[in-house]
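Residue numbers (this note's numbering), protein chains in the order written: chain A, 36 to 147; chain B, 36 to 147; chain C, 36 to 147; chain D, 14 to 430; chain E, 14 to 430; chain F, 14 to 430.
One should not assume that every hint holds.
[To be verified] Derived DSS-like pairs: lysine-lysine, alpha-carbon spacing no greater than 25 Å straight-line:
#1 C:Lys-78 with D:Lys-248
#2 B:Lys-37 with C:Lys-78
#3 C:Lys-117 with F:Lys-207
#4 A:Lys-78 with A:Lys-120
[Unchecked claim] Derived coverage of chain E by chain B (criterion: at least 3 residues anywhere in the stretch with Cβ under 8 Å from a Cβ of chain B; other residues may be distant):
#5 210-222
#6 266-279
#7 328-340
Treat the hints as calculated values from the structure; they're not laboratory data. No residue lacks a Cβ here, since even glycine has one placed at the ideal position from N, Cα and C.
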Amino acid sequence: MKKLEIITRPFKVDEIKEALTSLGVRGMTLTEVRGFGRQHGHKEVYRGAEYQVDFLSKVKIEIVIDDDMLEKVIDAAVVAAKTGKVGDGKIFVYPVENAVRIRTGETGDKAI
Amino acid sequence: MKKLEIITRPFKVDEIKEALTSLGVRGMTLTEVRGFGRQHGHKEVYRGAEYQVDFLSKVKIEIVIDDDMLEKVIDAAVVAAKTGKVGDGKIFVYPVENAVRIRTGETGDKAI
Amino acid sequence: MKKLEIITRPFKVDEIKEALTSLGVRGMTLTEVRGFGRQHGHKEVYRGAEYQVDFLSKVKIEIVIDDDMLEKVIDAAVVAAKTGKVGDGKIFVYPVENAVRIRTGETGDKAI
Amino acid sequence: MEQLLELSYALDTFYFLLSGMLVMWMAAGFTMLEAGMVRSKNTVEILTKNIALYSIACIMYMIVGYNIMYGEGGSVIPGISFFVGGDNSVADVVAGGDGAPYYSDISDFFFQVVFVATAMSIISGAVAERMKLWAFLLFAVILTGVLYPVHGYWTWGGGFLDELGYADYAGSGIVHMAGAAAALAGVIILAPRKGKYGPDGKINAIPGANMPLATLGTFILWMGWFGFNGGSELKISDVESANAVAMVFANTNLAAASGMVFALITSQIMFGKADLSMGLNGALAGLVAITAEPSLPSMPLACIIGALGGIIVIFSIIGLDKLKIDDPVGAISVHGVVGVWGLMAVLFSNPDATLFGQLAGIGVIFAWMFGTGMAVWLIIKAIMGIRIDEEKEYQGMDMSECGMEAYPEFVGTKGSR
Amino acid sequence: MEQLLELSYALDTFYFLLSGMLVMWMAAGFTMLEAGMVRSKNTVEILTKNIALYSIACIMYMIVGYNIMYGEGGSVIPGISFFVGGDNSVADVVAGGDGAPYYSDISDFFFQVVFVATAMSIISGAVAERMKLWAFLLFAVILTGVLYPVHGYWTWGGGFLDELGYADYAGSGIVHMAGAAAALAGVIILAPRKGKYGPDGKINAIPGANMPLATLGTFILWMGWFGFNGGSELKISDVESANAVAMVFANTNLAAASGMVFALITSQIMFGKADLSMGLNGALAGLVAITAEPSLPSMPLACIIGALGGIIVIFSIIGLDKLKIDDPVGAISVHGVVGVWGLMAVLFSNPDATLFGQLAGIGVIFAWMFGTGMAVWLIIKAIMGIRIDEEKEYQGMDMSECGMEAYPEFVGTKGSR
Amino acid sequence: MEQLLELSYALDTFYFLLSGMLVMWMAAGFTMLEAGMVRSKNTVEILTKNIALYSIACIMYMIVGYNIMYGEGGSVIPGISFFVGGDNSVADVVAGGDGAPYYSDISDFFFQVVFVATAMSIISGAVAERMKLWAFLLFAVILTGVLYPVHGYWTWGGGFLDELGYADYAGSGIVHMAGAAAALAGVIILAPRKGKYGPDGKINAIPGANMPLATLGTFILWMGWFGFNGGSELKISDVESANAVAMVFANTNLAAASGMVFALITSQIMFGKADLSMGLNGALAGLVAITAEPSLPSMPLACIIGALGGIIVIFSIIGLDKLKIDDPVGAISVHGVVGVWGLMAVLFSNPDATLFGQLAGIGVIFAWMFGTGMAVWLIIKAIMGIRIDEEKEYQGMDMSECGMEAYPEFVGTKGSR
Ligand SMILES: Nc1ncnc2c1ncn2[C@@H]1O[C@H](COP(=O)(O)OP(=O)(O)O)[C@@H](O)[C@H]1O
Ligand SMILES: Nc1ncnc2c1ncn2[C@@H]1O[C@H](COP(=O)(O)OP(=O)(O)O)[C@@H](O)[C@H]1O
Ligand SMILES: Nc1ncnc2c1ncn2[C@@H]1O[C@H](COP(=O)(O)OP(=O)(O)O)[C@@H](O)[C@H]1O
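Take the sequences, apply the hints, and build the full model.
Have a look at this one:
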């Protein structure tokens, strides 16, 4: 099992969800985050004082999947999330040792 | 060391916290997330327009623990979080390579 | 590649960001979390009823970096985040299997 | 002379209309106060409830309530008729003399109608976060159409409590304690919110979601109260009335101010913190306390009456919590317990008031509203149920009753606790 | 006698000023309502727009609008002159008689100026979340300085619509439908918000970010409407006028209440939920509907007029959505469609009103405001563009137009959807 | 004739009471404005502070302040006595003639008491986010009981500034600049908020948490100002007074509108964005500027006075920031700097005002309030400290001072920055 962390633009969430569910992904968890990266923030003036907005609104979508789905899920997510402009974000892949479905107690691949 | 990610219903937080601290867990981190899964969202009507609420409110509780606590913490969390209805959520287990306590600089098992 | 999770006090974010960017870290993702740990919450009275605030406001900063940066990033983060008082938080280190930059499709070290 | 009478009539009518408008504005105050004191997941429902109950009160009182309250009847049994009559003729007004009308009857109706809504608003807060919306609104139909008008008839309408000398200038008892009594009946039937009281008798705090709203609501109520008490002099067009109205304004303001300050000090002493929510309740307590007689006390006495109101309300809130009477906004304490205090305090300044008259009024109104209120709640419970189911209570009433969230973009999971 | 005339003048002036102040307060109501109904990322912009449009309206109407509306002119072509004149002399007032002024001209100006702002506020909500701030404010300059005053001249100013017997007590048509007509033109040119209508004809819900604000706004409008309608009697200083004003207050209140209740019931029946946002629109619809004639209907008739307004508004909102006319706050339905209903309902109570007169008024005002509004929007579009670019629309107008967020600490990523 | 005098007395009293009520409502305006402009972690504290300071002002002014301000005294040293006296008798009123009272003394007290609260509210915003709650409230006791009444005696009470011909219609100096002077003293002693100014002289923006609240507060203040300025004519019951009040309403409104528009335009030119917070300050600046003389300028002149106020306020805010005078809501600029502008602008319309008189008034009031204010702040600092400790400042004052959060369910960690 692997965990994918897709960090990307908030308004892409629906598209990504559509793309992945059509591949058979049946669960995902979304967190609102603020990102700092190559996409620079913007300078604003509030009551005459300049300030720098460094952290931009992003979402993190976490998906735990079987190893054999990895490739196509990444590909589909890249296609759905891409705008081609700086700030599109990243996908990180992590190893997962186990999963448990709380409701049933099932573990491993069956749990996701 | 392992990290547990417990994704479950928000109103279960206190029960889970009680259950785990009584096992000796001394730290945890809670994030508010929105989950999509087998528990389907609901259809709502706002000003005559139907819309689908796909992402439901969940919490993610992250706990880093010693390997030997793994079993009993999972068991206790499952008991505490379970309602038996769809949407109870998952527990994912990840490997952790190291931990550092910022205050003291301690690392490894001593840090958690 | 490794992922660092720095869980610490919110008002330390800017200092940590400065410290790490000066080491060459070019991206990070910030999440607002609530933490429970050795730093005990406080007891409050609301309309005559006592209640315990167990979960305190913390931030989680996630950074994916090359293996060879690991040491110095941890050291810098510890220095920047430390106040010496209980509640300074933890740094956890996780293995990362891969990274993809959505915009370009680059993978691995080049993606971060 | 005729023109003078006309002008005087116009002034009193205008004064009445503006007073009524200020009381209407109190509906917004209750709405904001309650919306600030509940959790975000139940906010839309309480907003809906409040604006709907005001609306229903206006309609029902027009259809039948006003006529019950101010119609022809015996000393106990009121008369019944429907729809408000026409207004005064110019001839009647300019005839002058003691019996001549000196303000528009319709302006009187308008002033009275907003009072009914106030009584009903009080109930809304106490039963918040767990009562079915439509069950509540059905209760509103009955309270504003019948229950309130009946004891209104007994007192202001000239019935037996009036004859017994019950003195209640602007309605500490008739409006406030009455609303609290019906609320108490509802709260008892409803039972506390899930999670409010722990199994071991522990009282859990359930903080309100939006303190600026609660504060705004209090300010609105404070402002509106100038209409509530100020208009209850019923006349402003001569020197004595004008002086009385001025006194009412000053005393109303001072009682609220003292209630606020003393509740804040009390909370600082008792809890070690300046509890804003108690301060707000204190201001309202001061207002409720002075409402029974705002024109006769001297200003320092008004301060004392208000200050005691502000102190009493804190002990009452804590006491009711110990009794597991779960009142999310403190309405029963503010309007009921302090209402009684206000009625007793009349004895300090009004030489015509008697202990017997006041106790009789308190007893009768409480018994009537608590008793009939209880009966009506039970009937509604039997017909359609009054409590939402547990699952929905966890998720919040906004989605289940109204299909929308109050702050859809803001609240994450905490909102659904 | 002279003193009596002076006093009467003072009372009417005071009544006018307070009525005007209440209408000014409606600007806050529109602001809160609209700020609650848009997404948080566009909130600062709509706040800025609303307070600025009110300000602009006041200035432009002072410079030229008032003089166009109440100047000397033919039956179609108004006169033109600048700046408001002086006030009445004591001598003219105490002369008495039919022609003598009985209230301050400046108080009249003040009362009128806030009406213009109301018309403009209506537009603000309909074009929310996508129109450039300065383009909108430029439109405000023209509408409040010229467009509104012209049809205002035709009706209240004594022009040809007045001669045709068009009856519109406080401006269901002149103010409300007029604003809605200009809004409709703007909405058509602007096109819907991104994401409002799916490619397959799907209508997406875009919930407002802050329901307590929207509710507060509705209460403020409700309160302010007592000035809007109550002041439109133009006199209170004799028995008949005072009675009329009282009737206006009572009917205005009842129509709003009925609109609220019936919209809520309709939404419960149609959608299975008590949709608060529809209830709020229903209350406003009741107010708009009664505005064309609040003094003559009996109270039950006022209820019916309001109730129908509340029902109509729901169907209108759904209908406009089907036509892909994207109006985030429902302004076109509330003020336009229901405004027409109110004008027709005049026929039930005002024997002097004629079907022809009402239709002529509706037709002419709509054509004028829609036509000239469209022309002005197009000119502004040609000069500076009226729609913000897509990227900024996604990010929200607050940062791009105003450089600040409404709730900088609260909203995470959902705000930037 | 007697009845006419009584009626006239009633009208003026009513006008006074309503004006006072509107000024009371300004307390809510300040509260909302300030609550919107601070960070969410300090919101409960500022709410508490505002409602408590209003309450304290009312009580202290009743106990001693009013008597100092309007008692018998020399031209510099006021008299002292306690508690407000009784009201006018009917006989005195109907005696008529120049010396006869023409409105209720208690209504005068009520009108005056709310002015004191306004002066104190100004200070609250400037010292926000870092001053101990109870230290502030102690200051409120002294300012409202003694400091303000003393210079009030010198001016409106008939003391030496009045004799010098100092002209200040409704209190640009007596209320607004006075409050700002005491605020400036407090801000200097307090030092800036942590993090406001970087070590390298950098000025950091600390955005307010809730812009809709700040906007609502501004609208409330705008509305309340009609009472503040309108009531300061002190009479409405004859043609000339009524005309004057009407002029005051129109000019007050136009000055606010112009201040808003020109501040917005200035911010657009200077920063490239339409900064709402500056626009709101601009509206208030317009109001403050016109307050020194709203009845005499022509409407276009009122616009100019307001517009300049709106422009000045922006430069003042930027300038004070450069001097590291940290005023979170801009109170010192809006009320102090623009207050001075308003007092100078009196010279354009009031032929009786002299440059000397105005400068004397400005100098004396500023020196008095800044000097005594500074002394009192220092004494309080010595006794109990005035600044919360750094740790609590980071965590926010709400938990440490009031034990509760303003929006407990909403704000995550950003709130605790
Ligand atoms: N090394 C990293 N570790 C964690 N998060 C990162 C890292 N680099 C980028 N991110 C996240 O991805 C987002 C987008 O990255 P950015 O560098 O701005 O654009 P791009 O991915 O298009 O090059 C950032 O805002 C941040 O949230
Ligand atoms: N594969 C997954 N990856 C990440 N999160 C998941 C995954 N599956 C489920 N979740 C999370 O768990 C929550 C509950 O899952 P769901 O399928 O609805 O119920 P159950 O766990 O009872 O079968 C989801 O809302 C989502 O947040
Ligand atoms: N075992 C753990 N797993 C996950 N998060 C933890 C763990 N221990 C601590 N934390 C996080 O670190 C924060 C600080 O920890 P705490 O024990 O209070 O202080 P310190 O790190 O100074 O000993 C906690 O609030 C929590 O968010």
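Evaluation of the provided hints:
The suggested pairing of Lys-78 of chain C with Lys-248 of chain D is violated, with an alpha-carbon distance near 53 Å, which exceeds 25 Å. About 32 Å separates the Cα atoms of Lys-37 of chain B and Lys-78 of chain C, which puts this hinted pair outside 25 Å; it is violated. The hinted pair formed by Lys-117 of chain C and Lys-207 of chain F meets the criterion: a straight-line CA distance of about 19 Å does not exceed 25 Å. Our distance criterion of 25 Å between C-alpha atoms is met by Lys-78 of chain A and Lys-120 of chain A, whose separation comes to about 19 Å.
Proximity of the stretch 210-222 of chain E to chain B, defined as three or more residues with a beta carbon under 8 Å from a beta carbon of that chain, is established by the 4 residues found. Under the rule that three or more residues need a Cβ within less than 8 Å of chain B, the assignment of the stretch 266-279 of chain E is violated, with 0 such residues. Given as covered by chain B, the stretch 328-340 of chain E passes the check, having 3 residues with a CB less than 8 Å from a CB of that chain where 3 are the minimum.
In the structure shown, a violation is registered for the earlier hints numbered 1, 2 and 6, in ascending order.
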